[in-house]
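The listed protein sequences derive, respectively, from chains A and B. For the first sequence, counting from 1, position 235 maps to 235 in the working numbering; every step adds exactly one. For the second sequence, counting from 1, position 122 maps to 122 in the working numbering; every step adds exactly one.
In short, the hints are calculated from the structure, not lab data. One should not assume that every hint holds.
[Said to hold, decoys possible] With a cut-off of at most 20 Å between alpha-carbon atoms, the simulated SDA-like pairs for lysine to any residue come out as follows: (1) K199/A - L123/B; (2) K306/A - L107/A; (3) K23/B - L107/A.
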Amino acid sequence: MSARDDTLRAALRWTEPAGRSIEAVNDLVSAPLLERGRWSWRVWWLAFAASLVLTIVMAVTIVWLFSKGIGIFGNNTTIVWGFPIANYVWWIGIGNAGTLISSMLLLMRQHWRASINRFAEAMTLFAAAIAGIFPILHLGRPLYFYWLVPYPNTMTLWPQWRSALIWDFWAISSYLLFSLLFWYVGLIPDLAALRDRAKSSTARTMFGIFALGWRGSARHWHTLHVYHTTMACLGVPLVIALHSVVGLDFAASLMPGWAETIFPPYFVVGAMYSGFTMVIVLAAAVRWGLRLQALITVEHFEVMAKMLLAASVIMTLSYAAEWFSAWYGGEHAERRLVAYAFGGDYGVLYWLMLILNCAIAHAFWSATARRSVATVVIIAILINVGMWLERMLIVLNTLSHGYAIGMWRTFVPTLWDVLLLFGSLGFFALLFLVFSRALPVVSMHETRRLLSAETQQ
Amino acid sequence: MSALLVADFENAGTLLKTARQAKSAGYPLADAFSPFPLDGMPEILGETSTRLRAWMFVGGLAVAALAYATEYWSAVHAYPIDSGGRPLHSWPAFVLFPFAVAIFGAALAGFIGLLVNCGLPRLHHPLFDIDGFERATQDRFVLALHAPAHDPDKRTMVAWLKRAGAANVWELEW
Numbered sequence: 001m002s003a004r005d006d007t008l009r010a011a012l013r014w015t016e017p018a019g020r021s022i023e024a025v026n027d028l029v030s031a032p033l034l035e036r037g038r039w040s041w042r043v044w045w046l047a048f049a050a051s052l053v054l055t056i057v058m059a060v061t062i063v064w065l066f067s068k069g070i071g072i073f074g075n076n077t078t079i080v081w082g083f084p085i086a087n088y089v090w091w092i093g094i095g096n097a098g099t100l101i102s103s104m105l106l107l108m109r110q111h112w113r114a115s116i117n118r119f120a121e122a123m124t125l126f127a128a129a130i131a132g133i134f135p136i137l138h139l140g141r142p143l144y145f146y147w148l149v150p151y152p153n154t155m156t157l158w159p160q161w162r163s164a165l166i167w168d169f170w171a172i173s174s175y176l177l178f179s180l181l182f183w184y185v186g187l188i189p190d191l192a193a194l195r196d197r198a199k200s201s202t203a204r205t206m207f208g209i210f211a212l213g214w215r216g217s218a219r220h221w222h223t224l225h226v227y228h229t230t231m232a233c234l235g236v237p238l239v240i241a242l243h244s245v246v247g248l249d250f251a252a253s254l255m256p257g258w259a260e261t262i263f264p265p266y267f268v269v270g271a272m273y274s275g276f277t278m279v280i281v282l283a284a285a286v287r288w289g290l291r292l293q294a295l296i297t298v299e300h301f302e303v304m305a306k307m308l309l310a311a312s313v314i315m316t317l318s319y320a321a322e323w324f325s326a327w328y329g330g331e332h333a334e335r336r337l338v339a340y341a342f343g344g345d346y347g348v349l350y351w352l353m354l355i356l357n358c359a360i361a362h363a364f365w366s367a368t369a370r371r372s373v374a375t376v377v378i379i380a381i382l383i384n385v386g387m388w389l390e391r392m393l394i395v396l397n398t399l400s401h402g403y404a405i406g407m408w409r410t411f412v413p414t415l416w417d418v419l420l421l422f423g424s425l426g427f428f429a430l431l432f433l434v435f436s437r438a439l440p441v442v443s444m445h446e447t448r449r450l451l452s453a454e455t456q457q
Numbered sequence: 001m002s003a004l005l006v007a008d009f010e011n012a013g014t015l016l017k018t019a020r021q022a023k024s025a026g027y028p029l030a031d032a033f034s035p036f037p038l039d040g041m042p043e044i045l046g047e048t049s050t051r052l053r054a055w056m057f058v059g060g061l062a063v064a065a066l067a068y069a070t071e072y073w074s075a076v077h078a079y080p081i082d083s084g085g086r087p088l089h090s091w092p093a094f095v096l097f098p099f100a101v102a103i104f105g106a107a108l109a110g111f112i113g114l115l116v117n118c119g120l121p122r123l124h125h126p127l128f129d130i131d132g133f134e135r136a137t138q139d140r141f142v143l144a145l146h147a148p149a150h151d152p153d154k155r156t157m158v159a160w161l162k163r164a165g166a167a168n169v170w171e172l173e174w
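Pulled out of the complex, with its shape left as it was, chain B reads as follows (with noise of 0.2 Å):
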């Protein structure tokens, strides 16, 4: 069972800047909500590493290798079809189809990858229950922070936010 505080805010520029100041305070930053991604945000919130890439990748790399395996069996071993004396392996003929399959699998592997990471999908979140949380997709920007064990510490880190310019700030338990 962990606490959360949320706040939310009226435009970008404030949540970044308390999301910066929240961090050099020390205040534990549990994640913030935006309608569109805000550069530097993934910074105070250290979520810059990704290997979404790697995975691509790799996602990428292995359905080339199944590609062309299938192409050299299928053409060499299983099927071979002498058509003016070319090579059955004739690998400049079957780079096209790795190709664009590989393309394909990277796609599919970082959609994949994309959703693991997000935690996706979850059609329901506690979050979703705060009224006024819907707006974080379509106009306000929110701060989620955890919130301090003891109720004093809440209480001024709530009041620390509203200062800052929150204009309501939640408590979930979850």
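One chain only, chain A, in its complex shape (with noise of 0.2 Å):
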């Protein structure tokens, strides 16, 4: 089989015939920038004001905490983590996906990836810049957070590069801006292209400036590529490092369930796993917001089942080795936690977090099931919950029941922790929002390369 004739299945399977020529996918694409009086735009509104209301709740939740200190938090002397870092390690873990389907897939050659990294990279770049808030939130005196950075200062102090915390710091801000680059040169030619279409001069104009003249030369086009392709293969390690580091923030510890090799890859098969619910659901979200669905198919939602029932499945393997290890290590601290998981506290929550994670997906071997969107997406979201009490148990098993049986203490959450957590999924849905009102949500070029063994039968 030659290459052409892969590429023209793949277009007959990523599209559907009304998204299949190249002006259909200009159209499809640009409408919603260009000719935004198409259509209604109520609903947006309305998840706007919502998403809003929520941004603000957040703001006054950091104001509150700046004020007070983190005593307004549900944390204590022995559970000092808390929502902060479980909250943390969650958003990084979607902040996370989108670089798996921008490079993983592109160095895969999975064609599918061309109507969803687009999404899927913003979700990355929000989700990863909302995680990077929350160490800051936690710490107790917030505002020397950049005595973190190492810079000739009048105290002469300089960080200390042994700490997990300053591995998070470098590992954290260097993704940021490599994702910041991959999303911004990848949104080069169709910031071209709307800016060719637009109609109105302040348009042309704004497009014009952030596409810096591209003119989609044959020499444009491969530097493109050469450098797209490079950027695939660092971001591969560089995504792979950034959740083995949130790992090990707790595999350097010393605590009973933390400090364990496996926990670096267990927790990047978590952040692939809870990166991709969410990108089914915003691809939910916008296709049918944004009137997608011949470009965002059923197949999609399909294909990306298919990779949560695989990634279930490797979580539960991650679980049983945790369990195995701490039976097979035989150390008394950490069977006793396997055994206060499972029976103490937070029992209940571990249970549903093992249903959720490591059961529903199984619903996904049946192709009735992955081929409807909205069951995909219900799974998707229960998925997602699950993922949250598994960071949040992480956190709060090992805490609770240490080594020191006299520290032992229970962590109840307060009404601030639900309404940064919530305020934080607010300002998240915010900038999603306006990201999709603002570029366009599906890459027109690659869609457009899709295409092209069609066009060039």
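Dock chain to chain to rebuild the complex, using the hints, since each chain is given by itself in its own frame.
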């Protein structure tokens, strides 16, 4: 089978007839940006208002936190991490999937990424940026967070390079900036197309400035292709390093249940798992809200459902490895911790987490379930809740039940904990809604290329 | 002052075929423009080599070296902390920071290289004056040839382009 037959089959599989010409792709993707009058935006405005309210809630919580200190959270002298760090791990996990889709699927030549990589990369940027806020909010003296940066200062202090906190700081900031470049470079040809389609001079000027004068010459495309594939090769180790570092925040400690060598890969898989669920939810929202059924098809949901199923099995194996190493290692505190996880203060949540993360994805053995967008979205949301519980429980179980029995405590979240979590979700939604009205959510040039096999016949 | 003949085509196949024929006929190809990358076009135009990856490697390596040097100097000389007798130069713990920033450094070096290589940003270009060139970023496939100096040769080339399937042929002086 020739490469062209392969592309042709992909074009037929991953698009519907309504989106199967170059001009159809241009029109479908640019309509929300250039011809906004084509449909009513009432739902968008309602969603915008709701997410704005939540964003304000987040801002108020942060102001309250900065004036009162972390005592407003449920954290205590034993459970020092609580919600902020669990939220951080959850958000950074979501922030990983965009690069998974952009880089790994690009290197694996998976054609279906063309219609989902753009908004998945945007999701990555927003989620990683939100994740980056949480460790700072969790500091006792957040105003000194910049001490993590090595800069010559009057105190002649330097960062402690052996600390996982420093690794975190650099991994997140490198990842954020890297993702921004990756995303922006992929946007340039689409911005140029929007510049050339725009009817109003404001739109033409704005898109034109950010398109940098892109002309789509052979030299441009060749350079972009080299850059993009090289970035993909770099992105995969970076994203794995990033989440491994998050795993090391736990594994480099000496706590039962944390000091495990499996943590870095286990965290990476967990990140892909929860990130993919978020991609599915956003794919469904974008597909419905921006009328992109012809480009984001049922086939996309089916293949992403398969990814979830595979990730679910790997997650189950990771949990089993945790239990096994506790039992096989024979350390008393480790064994006690596993028993505590199943039957202790948060036992109900642990069982719920296991059902959500390990059991429900098995519905995807059925093709009917995989091909129902509603089913895939509902299961994805449930899994994402399960993944949040997992991060929460990793923090809570170990800290509640460490080596020193006299220090055992339970954690009860406060209203502020909950407000900050939902506020951050609202902020994420706000950013995404603005993105969906300001920039093309589907990569036009990559979709055009997918369709090129047809047009070259 | 040089002159270009710019022709646009309906589809990618015709553009590629025409470019190939023009090359074998000895016509001086200037550039080709398309709404998506065309397989084979860089080879026809002889644009296959780029030093971008080498630049990215050098950029990444330089940033990594700087990061490691900062760690070494600050941890061993400027601010030594004896933490449980661990060596001041704890290289295994020092690897991650250079690694992460090196990847960003390579990405940034590549981005700068990309701009330099493509001659961007350049918000205006004489080609944009052609009424119809705007479709090259959307759905048309455009070929640019260096126009011959003499008018008869030029007319032959225009006729040849039309025969090859060009919808429009424009002449551009710049």
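Checked hints:
no. : hint            : verdict
1   : K199/A - L123/B : 18 Å, holds
2   : K306/A - L107/A : 19 Å, holds
3   : K23/B - L107/A  : 32 Å, violated
In terms of the numbered hints stated before, the structure departs from hint 3 and from no other.
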